[in-house]
Structures are given as structure tokens and as C-alpha cells.
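Q: From first to last, the protein sequence lines stand for chains A and B. Mapping of the first sequence onto my numbering: residues 552 to 1230, in sequence order. Mapping of the second sequence onto my numbering: residues 316 to 618, in sequence order.
FYI, nobody ran anything at the bench for these hints, they're computed from the structure. Please note that a few of the clues may not be correct.
Unchecked claim - Okay, the calculated beta carbon distance ranges per label pair:
#1 674/A <-> 431/B: 50 to 58 Å
#2 713/A <-> 333/B: 55 to 63 Å
#3 1114/A <-> 361/B: 20 to 28 Å
#4 604/B <-> 673/A: 17 to 25 Å
#5 769/A <-> 396/B: 53 to 61 Å
#6 805/A <-> 448/B: 17 to 25 Å
As the structure is a prediction and not an experimental result, all values here were calculated from the model. Cβ coordinates follow ideal geometry from the N, Cα and C atoms, glycine included.
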Amino acid sequence: METRREIAACGILGVLRRWGAEKVKADEAVSSIECVRFRGSRYGAGFAAYNLDGSNGMHKLKIFIDSENTLSHVKKTLKTRVDGGFYELGFDSFSTSRFASWSAYVETSEEALRKLVDSINYELFNAGMRGRVYSWGRYVEVFKGVGYPVDVSNMYGLMEKNLEADMWIAHTRQPTNSPGVYPIWSHPFASQEWAIAHNGDISSFGANMEFIRFRGYRSFVGTDSELIAYLLDYLTNIQRLPLLQAAQLLVNGFEDDLDRVDEYVRWRGTGLDGPFSVVAGYCDGEDVYMLALADRSKFRPLVVGYDEKRIYVASEEAEIRQLSSDAVVWPVKPGGIFLASMKRGVVLAGRENIRHYQPRTVKPRPVNMAVDAAGLDYRRVNKMVAEAFAKGVEKVDVVNVNGHRYLGVNVPPGRSLNIYGTAGNCLANFNKGGFITVYGNAEDDVADAMYGGRVVIHGNAGDVLAQAFQAGEIFVRGSAGNRVAIQMREFRENKPVLVVGGRVDDYLGEYMAGGVVAVLGVDSLDSDECLVGRYVATGMVGGVIYVRGRVDMWRIGLQPPREDVKRYLRGLLLEGQIDQPTYTKLITLEKITIQDLRENLPPEPFKRISKLYTSKYYREHLVSYRRLGETDLKLLGNALQSFCREFGLGSDVYERLLEEKYTVISVDGGFSDMSPEEG
Amino acid sequence: MAGVVGRQPAEPPIVSMGSTGPPYVEEPFFIRDHIVIDGAQVTRPSIDPYREPVESHVYLCGGRLRLSMPVVVKLGHHLSNSFREGVVRACYCMGVLVMIDNPTGLEKYGEGLLTEPAYVGDGVYAGYYGEPSRCRESGKPFFAHVGASTDFLWLGPVLEHVSGIVVDEDLGGVDDVEVVVSLLDRELRRHGVRNSVSLVAGGWSVRGADDVFKLVALGADAVMLSTCVEKTLEPLLTHDTSHVREKMENLLLGLQREIKLLAGAAGVSNIFNTIVGNRELLRAVELPRDIRALLSIKLAGEG
Chain A
552 METRREIAAC GILGVLRRWG AEKVKADEAV SSIECVRFRG SRYGAGFAAY
602 NLDGSNGMHK LKIFIDSENT LSHVKKTLKT RVDGGFYELG FDSFSTSRFA
652 SWSAYVETSE EALRKLVDSI NYELFNAGMR GRVYSWGRYV EVFKGVGYPV
702 DVSNMYGLME KNLEADMWIA HTRQPTNSPG VYPIWSHPFA SQEWAIAHNG
752 DISSFGANME FIRFRGYRSF VGTDSELIAY LLDYLTNIQR LPLLQAAQLL
802 VNGFEDDLDR VDEYVRWRGT GLDGPFSVVA GYCDGEDVYM LALADRSKFR
852 PLVVGYDEKR IYVASEEAEI RQLSSDAVVW PVKPGGIFLA SMKRGVVLAG
902 RENIRHYQPR TVKPRPVNMA VDAAGLDYRR VNKMVAEAFA KGVEKVDVVN
952 VNGHRYLGVN VPPGRSLNIY GTAGNCLANF NKGGFITVYG NAEDDVADAM
1002 YGGRVVIHGN AGDVLAQAFQ AGEIFVRGSA GNRVAIQMRE FRENKPVLVV
1052 GGRVDDYLGE YMAGGVVAVL GVDSLDSDEC LVGRYVATGM VGGVIYVRGR
1102 VDMWRIGLQP PREDVKRYLR GLLLEGQIDQ PTYTKLITLE KITIQDLREN
1152 LPPEPFKRIS KLYTSKYYRE HLVSYRRLGE TDLKLLGNAL QSFCREFGLG
1202 SDVYERLLEE KYTVISVDGG FSDMSPEEG
Chain B
316 MAGVVGRQPA EPPIVSMGST GPPYVEEPFF IRDHIVIDGA QVTRPSIDPY
366 REPVESHVYL CGGRLRLSMP VVVKLGHHLS NSFREGVVRA CYCMGVLVMI
416 DNPTGLEKYG EGLLTEPAYV GDGVYAGYYG EPSRCRESGK PFFAHVGAST
466 DFLWLGPVLE HVSGIVVDED LGGVDDVEVV VSLLDRELRR HGVRNSVSLV
516 AGGWSVRGAD DVFKLVALGA DAVMLSTCVE KTLEPLLTHD TSHVREKMEN
566 LLLGLQREIK LLAGAAGVSN IFNTIVGNRE LLRAVELPRD IRALLSIKLA
616 GEG
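The shape of chain B in the complex, shown without the other chains (with noise of 0.2 Å):
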């Protein structure tokens, strides 16, 4: 991944054929490290996001959400102040929502937090229910937080409450976070609400654009970064605010340009259209047939 300090900070690196990636020659740890990206061929050519327009944003809660990249970034409540106020800051201006349990001192962000409902009120706008029979319609947009699992059991009652879904790998589940969004996108398909309930995964185990690329083609319309933002901008080290807005702008700027190159080279200019359940884009190295019957992706080298 691009870096967020140095000479050329936000700069992903381009690089020709070949792979160094996972499953091969680096060690697979999640389903996705079998997954690659079906690339643009001769007839449908690759399109490079430096010259043309390759459109990275997303929309949630039918419209009422826009995130300017298919990002969602988590803060824990283990972390300073300021470090919190820097990359919030920093989310803010990119575009890119938060999560956040509790806002103080924060609200005038609002309208790119995720909070605790307790919050949701004048300046911020959305809110998350880790009890999603809670979620109710009041006018803003609610998620419902859960872990990871492909129980849904919870799904249908609160379908008309709530705009959205928070997959969220930190609350622990015991079902692959790739097989729990591929699932649970194809449900909301049949209820007929995809377009109007949100679908946001991640967690812990979120690395960089190529997970994020993956998991949104499998069904998610955004991915949730959590422990890869603390790992990259070194909480402990950096405590100047503007520092971490700093960096943490360029991990975003970063990332926005690593998710438009690898649409470009599946041949897409549009990635909230194109990209989110387009399994046909990805294709299966060395995984069972059940798992890709349970992600509806196909076998490398098939048609």
C-alpha cells in the first residue's frame, strides 16, 4: 500500500505482470488471499484513473450518505484525543465516514460519523444499534452492528428500520466475513431492498485497496478499516493532530488511487454501479467448490 509519510506519500507504486500476491508465492490467510481480480483483456480495455475519470464513490442509505471512496475507517475508544480528532479531521475533508462510539467534542464532524444513537441528534447524523430490533426509523440513518455470521434470522423484522448494515469483524462471529457479505447481499437482493439498505463490512483483518476492491464485489458497499489505520499511523508516535490528518489523508488519498487503478484494470469506471456484487469480476484460486458456491465466484481460467 501506498505509504503516508516520505518522499512521495498517497503515491501507489505501478508495477507491470506478475504477482508477488497471495495464494502462490506469499502465505494465504482469508478466503479473499484465493480470490484474484479478473482483469480488462483485449476487448475490454483497461482504463487508466491518472488521464480518465474513474468514479470511486459510493452512496448509503439510499442517497442520503455519500463516501467519495467505498471506505469506512473505525476509531476505537482506546485511542487519544487527538489522534482520534486527526483522523477525523482528515476522514471529514476526503469524504469518508467514521465510526465512533462516542463523539464529544467531535460533533461539528457529525455529518461523517457513525455513532452510538445516544449522539444522533443536531450534529451528527447517523447512527449504529448493536441490538439492530432497536433500529428505528427516525428520520436519520441507523445501522444495525453486528458480527460476523450468516445467521439472519434478525434480518427480516428490522428490514424497514433500518438503512443499513455494519458487518463488524471486532465484535467476533464465527463465519468468514467474505462469505457473510456475499450472503447477505444476495438477501437483501431478495427482499428487493438492496439499493436502499447499506451493506458495510470489515474489521480487523481489512489490509489495504485489494481487500477492499474484493470485499465490494462480493456484495459490500463499503469496507471497514480498523486495526490497519492504527498500524499504519502509529498511534503512540504521533500525538500532533495535524500530523495525523496529515497522515491519515494520505493513507485515504492512497487508497482512493489503489481502488481506482484496480477498477481500471477490470475496465471499470464507476465503481458504486459496477463493482458492488459483481462477482463476475473476481475468480477463485485453489478454494473449495462450496465456499465458491457460497460467494458465487467462479474458478480462475472460466469463461
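The shape of chain A in the complex, shown without the other chains (with noise of 0.2 Å):
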């Protein structure tokens, strides 16, 4: 048999259904997360059903058994130590490993049978793990095993019994650091009404671990996704946290965004750190709440989605198309919270201009000669895809798609590929000379290392747009994530031009090396909210970035800590190197970039404090606030154009945005032929 290499991560999923909608149905999740199949593998796969009117009142214990001698042990234990009884109800799944799934109703209170999981859980990992009771609530419920997500529904018959819950979460996976053949670490993770599925490798793992280990919990199967079950059960159920405090602890915000040091350092030891993102639910037995939480550098892709009956979490905007042809989706920001109940609907929405994320756009019917990319594997698509092109096909329309991935590698130059519906990741990679059209949204990593032709997006495009792209055009009518244009050069004549018509998160044109990069916001014309997050052009060395209206100076390139600057500054008055008035004009400001200091500080004091934001590294930012001049039209004018023309503006917004004044970042000597005008 052929060995195939594939790049794969972990798959996420949760869907919430509103107050009053139908349930979700156990085919409606699978179908969700199969469609992200190539994300996970056959090393495992889970999901946790949520039912708030499920609960006859008593515990649902499920644990997985390698042996009769385990099973008599385990009851024996429930008989002794369980003050209510308990119900056996057997094995619900056959075995694919060394372990079965065994489940029982217990009837005791939460707090003993918090302490009889942990001390089961204790004695059977001791004993060579013999066991592991892997769900415990009484509205969440697990069923989780070796395989790909619907391999695991089979095993337990969630479809064939057309289970219905509140909310699912589910997960496929692809084990990294912990083994993929026994059941024990698939995904979903529990605790108490907890469950969490994650993608990601936690770097903080051994510190949460060093947190929890003294506070009630005493068995670990060594994966970081546990720890975040068992953190999220600690904060919110024993330390009672509301949920919010609970799941800021976990993002770890940056220190300058911090509301109280107190509790920052109380509860340190709780944050999360390296790439992850988590959807997690839970169930307090008068609502239900779909929690999901992406890592400050985004280092793991996470969208979030509503339509009229339901709210949805996923890892790929198609998991959610699966489901809604007409949700609202949009990305999460990096360390960016998302919340949302049964009963109150989107709480939190894990970001800010969620309107930016809805862009008006046309969805043209095909016309030309078609691939029905509808149920087909992406590589059987890509395949017919070729073929065509082959034939001699000049324009290929792919109906249907939704979360194909790599479409768009193998356009032939000259040639034209249009995508109806969802483009999946990494789409137009390597992109030589086709012209690429995608009417809807595009996931991520769109058009990394292309080196010509063009990629039209009539939606909204993912993370990591346009890195490594060195020549050609990006047209994006909507907005797109983060990392944008990231590592983007030129190279003599070659020079690549993104627009990008809404807004972007952090790190616009990290490491950027050449070419021109304009964000609009077309549809917010008359707004001035900055259209970038932050750490824009951070280690930029060429290449000239516009974005229309003004960019704080903060967001441009790395800042040092406000803490670190602040106690510099004192350190000045003290020594009489500064006045009193100066450092308490300085230290009053919101953020205290480069520029404030330079305009503040004699110069010696300035050359001291500098030490603090440069480095053998650092290069200047060239940043003004200006009309576009002669130059910047000649690098920018036609895109401009071609972009109102190809989205259908019109001449009124074309003329508008030459009206417009940008912002215009570029480093010293990486654009030397630019001469700043005042507007």
C-alpha cells in the first residue's frame, strides 16, 4: 500500500444550538468534523453531548477497562465508597485496544465522587493504567475512542441511535506528544461538567501542572489537554470563578493589558502558553456554555460562527458551512475569548468588528466548464481539477467546494480557476501565473510563496495570508487574520501587490521584505477604528505597507513592556537626568512609544532609554500620515483600481479613497525613493 505523508494538525468543533432551536443531531456533528477529516487521523477521535433536560439527577460514570480484574476492582471501590448506590448499565462500546468502555449512574454527591474519580484514576494509572474514568457529569456525556470521528460515532452508535444534544463538542486528532492507540488520550477531555477538545502543544505544561498537582488532582495522563479540563473544573467549581475570570486566566494576556497585578500573580501558574486553541463546554444545570479561547500569538486557527438556531466553534470556517450556508464566521483574535450560552446567545465574541468580517459581495452562478467538488475528497478534486487544465480546459469553475484544501496549486499560467464556495487551506500556494477567483471565503494560508498571477477573494481570506508572496496580485474584498503578508519580498521587477478591502489582525508585514500592501476598509469609510492589530511591520526590512486613517505608533513594530520604560524613567528623575514635569508627562500616557521619548527627552537621557526598544536587530519605521502622492500612486494607483473595478465599487469609492489619508510605514533604506508629503 501506497504510505502518504501528511500534514496534519488536531480538528476542533462545538455547536451550540439557541434557546428554543431544534437539537443538534448526532449525523450533524460527525458530518461537521469529518469535513475536516485530514486534520486528525486514525489515532483518535471524541465528542461530548451536552443535554441540560438530560439529567435524571445522578452522575454518568464512564471508564475504560482493560480487564475483568479492573472492572470487579472498580466496583468494588463504587460499593464501598459510593454512600447512593450505583446502576450499572455496562459496556457501551466494543473494544478496539486493550480498553472497553464501561458506565454506571452513581448516586453520590459532586464533592465525594470528585474525590473517588481522582483516587480510581490514581490507583489505575499506578497499577500500569488499567483504566481511566474519562467522563463524570450528569448533562455532559463522552464518547470518545481510537479512530477517525465517524469510526468512533460507530462505536458507540451515536448515529444509528439519533442522539440529539444542546451542544457537541467534538475533536479528530493527531497525536503529538502522548500515544494515539488507546482510547484514553482521544479528545474530548473531562472534568465534572467540563469537556474540551484542543489543538495545539502547551509550553506552560509543566508549570500548570505544578499549579494543580497540590490542589485536589493527583492523576495525570500527561497531556496538556487534560491539565485545561482540570484547570477550567478548579477555577470555576472549587475556586468559583466566574467562567470569564476563569478563561482570561487561561489566555495569559500581556502584562500591559493586565486590570489587577494581585490576581495576575495569585493565579499564576494558570495561564496557557505556546500555540493552542481550545473549545470547551459546560454545563452549571441552568444553562449551557460553549467557551473557546485562541493563544496571544494565534498560533492555532480558530473561528467562530452564528446563523438564526445555532452558534458554532471551529477550527475551519467549512466545519461551520457544513452546517449554515448562511452563518456569520469570523476568526478569533489572537488571545481573543469567546463565549456563548443556550439561553443568552453570543456573550463574548472572542473579537472586536465582527462587521468587518461580513463584507458585501456578489456570488455569480458558474459558467463555465464545472467540477462538483460536492462529498469529493480534496485530492480528487485537485485530480479532475489537473485533468482539465490538461485537456487544455482554459477556465475551470469548482462548484460545491467547501474546505478543499491546496486548490489553486496547479493552475497553469494564463489560465483561470473559479471556486464556488469555501477555498480550504493553502490555497493558491506556489501560485505561478493562474488567476484565481473565489466567490466566498478563503481559510487559511492563501497564496503562501506565490510568485505570480492573481488570487481574487470576493470574501474574506484566513490567518497568514500572502506569506513568502513575491509576485503577482492578492485581491481581498473582505478581511482577513492574522499574520498577514508576513516574510512578503520583492525581487528586480517582481513586486507583489495585497489589497486588502476590511481589516487585519496583528502582525501586518512581520519580517516583510518588499512589495506594497494597502488595508481599506471599504466598508467603513466614514469610521476612523484602526484597521490593524498589533506588532505591525515588526522586523520589516523593505516594502511599503498603507493603511488608510490612522495607526496608532504603538501597534508599529515591538514595544518594551510599559513597566520596564516607567521604572527607566524614574530611574532618569532620580539621578537629576530629567524634570519632574517631563516624567509625568511621559509616564501619563497611554502607551510611551520611541517617538514620545525622542520628542520628550534631552538627548542624552533619550540615548539611554533607547537601549530599551532598539537592538543590533532594530530598524526604524519611516511612518507618515498623509494623501497619496505621486509615487505611492504609481505603486498603488492601479491596484486601486482594478480593485474597486473587480469587486464592483465603482468610480465614487475609487475616488474616494484617493481622497483618503493613510498611514504609510516603510523602514529606512528599505524604500529610499519615497519623498513624504503632508495632506
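Now that you have both chains on their own, put them together as the hints suggest.
A: Dropping the structure here:
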């Protein structure tokens, strides 16, 4: 058999019904997570189902068991330690490995059961991993095993039994640091009414472990994902923190954004560091909650959305589209928290500016030779497209696209590929000269290392748009996510141009070395909100970025921590290097940039403190806020015109764009033929 | 370590794979020379601190003291006044705590000083007691100042009164500082006071950012530098206060950058939350099983 090397990660999903809407069927959860099947592997998948009305008052204890001996040991423990008794439900899955799942209803207090679960798990683990309690909620029930999501669903007969839930959490797994051959390590991981599915690899694992190990949790299977469930359980159920505060602790915000230092210190060790996107479910007996967290560097994908009936969390937009063609979908921002509940709807959106992710777009009907991607694997679709081009077809339409990866990597120069639907990850990577149009949204990593041709997206693009993009044109009608245009470069006459019609998140133009980027906000021309996130153009060495409207200086480049700067200023004051009014003026600024210091400090103290901002690798950004001049128009004029034409924006919008003021960002020596013109 | 003078002071060299470090190439002297840092991997990317935030601050004493990096500098009384003043000024500006027995003349930098209790008052913020039982909570943070010993009998009775512990190798002691730090960290966790009682450790044996990183990962909130500061700054050759200050600032800036580079290489963006006590980031090379058990660190290659 041919062995294939797959680029995979984990896939996560959460679907929550709104109060009054019908419940979500197992079939729907399975079909949604299965459409990113390629993110996972046969090494593990799982589901958690929440039902607010499904509780009979007892906890349902579910345990993986490796033998009759272990089972009788567990039953003996239950007999002696459960005061209200237990009701055996027996085995509910056939065994695919050493382990099979056994369950029972248990009549006892939550407090007693929590201790019991810990001690059963502790004993079974120390006896050589004989089994594990993996679910013990009243409202939540976990189904997990070894296989793809559909295999695991079949193991438990989820679809056969036509199971429904207020909320489903689902996961498809690509194991990294723990075994994939046993169901114990599959997701979701649960603790009390919490169940979580996670994509990532947490560098704070050891620190989180040190935090929790003397707080009533003794048994760990050694994965970061399990710890996340324990942390949420501990913070909300033992420490009684509000959900939102627990979520804030886990996403581990930057010190500069802290509200209270004492709380930050008190809960040190609960923050998650490194890459993660997490979806977590919870039920407090009155409402059902869906929480999603993105790490502050946004090293993993996370999109959310809603329609009239439901609210969604997913790794890829395609999972949501599988269930809802009209859902509003947006990416969670770096370090963002998304919270929704069945009765209250979306409580926290995971980002600001959602309307930027709802561009007004057209959806024309396909007219050319069409490939129908519905239900087909992405490899098959790409093969069909390649065959059509090989036959000499000039324009190929692919319809019913939903998350199919690698589309547009095989378009010959001068030919066209039109995509109808949601284009999957890695669209138009290495595109050399093809014309690729998406009528819909594109997911992550569009046009990576593209070196010619044209990509036009009528909706939004995801994270990491135009990485290492080096020639050609990319137009996005809507907005894009994190790390747009990183490492973009130019060579001689090849100057790539990227125009984004909406807004972008952090790290726009990180390490950028050439080319032209414009962020326009065409649907918010009358608003003065900033169209970019933080850390714009960090490590930039060339090229130029135009952002319509004013970009705060602190968003450009990497700033030292505010507390470090304040302390240095105080030192200068104590040494008598600066006077009190200057000191007071500077430390009361909300953000202290190097420009503020240069303007306010005498040369010697400025030279001293500027060490905090600069380094051997530092290049000062040249930033101006102005109307477009002749040189700018030479670079950008044609692109703006064809952007407006492409998306039917009309000459009034084009004229307006020419009149607007832009923040223009470049670096010293990177863009020498530029003469600033004050407007 | 990055230089303190020269054409590019405070700039750590960036190297690629391969190491000349102990234990295989250079001779190992301490337990931590048998400890390596478990770097980032494909699923947990490294972070470049020159382009992305890696936060090196730590808070001591429940948040009452902030350090810009996990470093405390100790100054001995044999050093000249001008030298001490230069170092204190630099540490103040750079947000690093200075442990100094007698702060006379430097009181205005008192919020950056840790001194004998007699001087704690209007200007000076924090103090230390060589006799832990004398520690009394008086509104100001007080540290117990002890040698490197794993005898923690004194700890229980004073836990309610101390804001922190300084394990000072320069006071002597029969145990390795790595072992003391690791056990003391666990002891504080067992008592449920780890986030309110700070742990500072170090002394003559600390040589640079790698030592700081490893001791922090074993459980210290901050690491104390003593001899290495004197070696680097050459107090006998440097008399001018502002020259000392500049060299010391460069030393600290270089240390901070190196610590951030190490954290970034481990895929860590926040030292205070993520590295303190995170033994999972460390692996042992040719370290006996009993010592590994005391430190709670795995063998290199272990998952």
C-alpha cells in the first residue's frame, strides 16, 4: 500500500443550539467534524454531548477498562465508597484496543465523586494504566475512542441511536506527545461538567501541572489537554471564579493589559503558553455554555460564527459551512475569548469589529467547465482540476467547495480557476501565473510563496495570507486574520501587491522585505477605527504598507513592556537627568513610544533609554500619515483601480480612496525613492 | 554571555545548532551542567523575541515587587562606594532588585533595594533577616536569608510572616542550590503559599542566563548574581560611577535578551507564568537517578 505523508493538525468543533431551536443531531456533529477529517488521523477522535434536560439527577460515570479484574476492582470501590449506590449500565462500546468503555449511574454528592474519581484514576494509573474514568457529568457525556470521528461515532452508535444534544464538542486528533493507540488519550477530556477539545502543544504544561498537583488532582495521563479541563474545573467549581475570569486566566494576557496585578500573581501557573485553540463546554444546571480560547500569538486556527438557530466554534470555516451556508463567521483574534450560552446567545465575540468580516459580496452562477466538489475528497478534486487543465480547458469552475485544501496550486500560467464556496487551507500556494477567483471565503494560508498571477477573493481570507508572496496580485474584498503579508518580498521588476478591503489582525507585514500592501476598510470609510492589530511590521526590512486612516504608533513594531520604560524614566528622574514635569508627562501617556521619548527627552537620557527599544536587529520604521502622492500612486494606483473594478465598487469609492489619508509604513533604506508629502 | 563594553555591548550572539556546553564538551561543575533545556519543536514553534513579545518580568511578594527579569544582584561590603552606586543606579533603571547590607547614601533608590531590616523604612522598601524566626510582617516585604540547605524545619513557623526566601550560596550550606530550589519550591506549593512567598536563589556559582533559566525552571522566582557581576565589571579597574552604571546596564540588558532568547527557544512567551517551576522544560544528561528524582526532571529523550 502506498504510504502517504500528510500535513495534519487537530480539528476541533463546537455546535450549540439557541434556546428554542431544535437540538443538534449526532449526524450533524459527525458530518461537520468529518469535513476536516484530514486534519486528524485514525489515532483518536471523540464527542461530548450536553443536554440540560437529560439529567436524571445522577452522575454518569464512564470508564475505560482493560480487564474483568480491573472492572471488579472498580465495582468494589464503588460499592464501598458511593453512599447512594450505583446502577450498572454495562459496556457501551466494543473494544478497539486494550480498553473498552463501561458506565454506571452513580448516586452521590459531587464532592464525594470528585474525590472518588481522582482516587480510582490514581490507583489505575499507578497499577500500570489499567483504565481511566473519562467522563462523570450529569449533563455531559463523552464518547471517545481510536479512529476517525465517524468510526468513533459508530463505535457508540451515536447516529444509529439518533442521539441529539443541546451542544456537541468534537475532535479529530493528530497525536504529537502522547500515544494514539489508546482511547484514554483521545479528546474531549472531561472533568465534572467541563469537556474540552484542544489543538496545540502547550509550553506551560509543566507550570500548569505544578499549579494543580497539590490542589486535589493527583492523577495525570500526561497530556496538556487533560490539564486544561482540570484547570477550568478547579477555577470555576472549586475556586468559584466566574467563567469569564477563568477564561482570562487561561489565555494569559499581556502584562501591559492587566487590570489587577494581585490577581495575576495569585493565579500564576494557570496561564496557557505556546500554541493552542481550545473549545470547551460547560453546564451549570441552568444553562449550557460554549467557550473558545485562542493563544495570544494565534499559532492555531480558530473561527466562530452563528446563524438564527445555532452558534459554532471550529478549526476551519468549512466545518461551520457544512451545517450552515448563511452563518456569519469570523476569526477569533490572538488571545481572544469567545463565550456563548444556549439561553443568552453570543456573550463575548472573541474579537472586536465583527462587521468587517461581513463584506457585501456577489455570488454569480458558474459558467465554465465545472467540477462538482460536493462530497469529494480534496485530492480527487485537485486531480479533476488538473485533468481539465491538461485537456487544454482555459477556465475551470469548481462548485460546492467546502474546505478542500490546496486548490489553485496547479493552475497553468494564464488560465483561470473559479471557486464557488469556502476554499480550504493553502489556496494558490506557489501559484506561478494562474488567475484564481473565490466566490466565498478562503481559509488559512492563502497564496503562500506565490510568485505570479492573480488571486481574487470575494469574501474574507483567514490567517497567514500572502506569506512569502513575491510576485503577482492578491485582492481580498473582505478582511483577513493574523500574520498577513509576513515575509513578503520583491525581486527586481517583480513587486507583489496585496490589497485587503476590510481589516487585518496582528503582525501585518512581519519580516516584510518587499512589495506593497494596502488595507482599505472600504465598508467603513466613515469610521476612524484602526484597521490593523498590534505588532505591525515587526522586523520589516523592505516594502511599503498603506493602511487607510491613522495607525497608532504603538501598534507599529515591538514595544518594550510599559513598566520597564516607566521604571527607567523614574531612574532618570532620581539621577536628576530629567525633570519632574517631563517625567510626569511621559508616565501618564497610555502608551510610551520611542517617538514620545525622542520628542520629550534631552539627547543624553534619550540615548540611554532608547536601548530598551532598539537592538542590533532594530530598524526604525518610517511612518507618515498623509494623502497618496505621485510616488504612492505609481505603486498603488492601478491596483486600487482594478480592486474597485473587480468588486464592482464604482468610481465614487475609488475617488474616495484617493482622497483619504493613509498611514504609510516603511523602513529606512527599504524604500528610498519615497518623499513624504504632508496632506 | 553578551559583553558589557565594545562595539556591540548587550547583544547576545545568536548561534545555530550544536553546543560546546557541558557536560560533553566543557567540563561540568554543577548539577545544572547536566541539565539541558528542552527546546521548541515542530508543534510548538520557537518565538523570536526580537520581533514578538517574550515577557521576562517576574513579580515577587504577591505582586508588591516587580522585576523586569528574574534577576537579583547582590553587592558585598568590600566594594567601593562609587562602584556600588553605579550598580545600584543601573539595576534601578533596569528594574532589577539589589541586595545590599548597608544602603547609606543610596536610599533614594530604596524601592529597588533589599537591605538589613534596620534600614527598611521611609525610603527602603524590602528587607531580609538572617534569622528567619525574626521575620515579622510589618507592611513591608521581608525575606528570610538562608544558606543552601535542604533542612526546612525553620520554614513552617515563619511562613505566615515572610514574603520571600533568599537561598544564598555565599552563606555556605551543605546542599546543591539546584536541589534546594526544587525542594523548597515544592514545599511552598505543598503549603499552598507558592504565589505569595517568593523564592530567590543563587550566589557565587551563577554564571549567566542559562543558569538563571535553569534555576527558574527548577522553581526560583528570581536568581541572585554575586561573583559574576564583580568578575564582569572589574571593580578594581572601574572607578567612575557612570561608567560602572553603563557597563552594568549593558550586562543586565544582555542577560535579559539571553533569557528571552532561551524562553523563545522553548516556545515560551511569559517567564513568570510559564517557566517558574516548569521542570518539564528541562532534561537531564548523565545525572544519577536519585538526583533526578529530587529535582523531578526527566532524562534527556524521555517524552
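Q: All hints are to be evaluated individually against the structure, with a verdict given for each.
A: Quick rundown of the hints versus the structure:
Taking the beta carbon of each, residue 674/A and residue 431/B are about 52 Å apart, inside 50 to 58 Å as hinted. The hint said 55 to 63 Å for the Cβ distance between residue 713/A and residue 333/B, and at roughly 60 Å that hint holds. A hinted range of 20 to 28 Å for the beta carbons of residue 1114/A and residue 361/B is consistent with their spacing of about 25 Å. Hint check: residue 604/B to residue 673/A, Cβ distance near 23 Å, so the stated range 17 to 25 Å holds.
Between residue 769/A and residue 396/B the beta carbon distance is about 54 Å. The supplied range of 53 to 61 Å therefore holds. About 40 Å separates the C-beta atoms of residue 805/A and residue 448/B, a value inconsistent with the hinted range of 17 to 25 Å.
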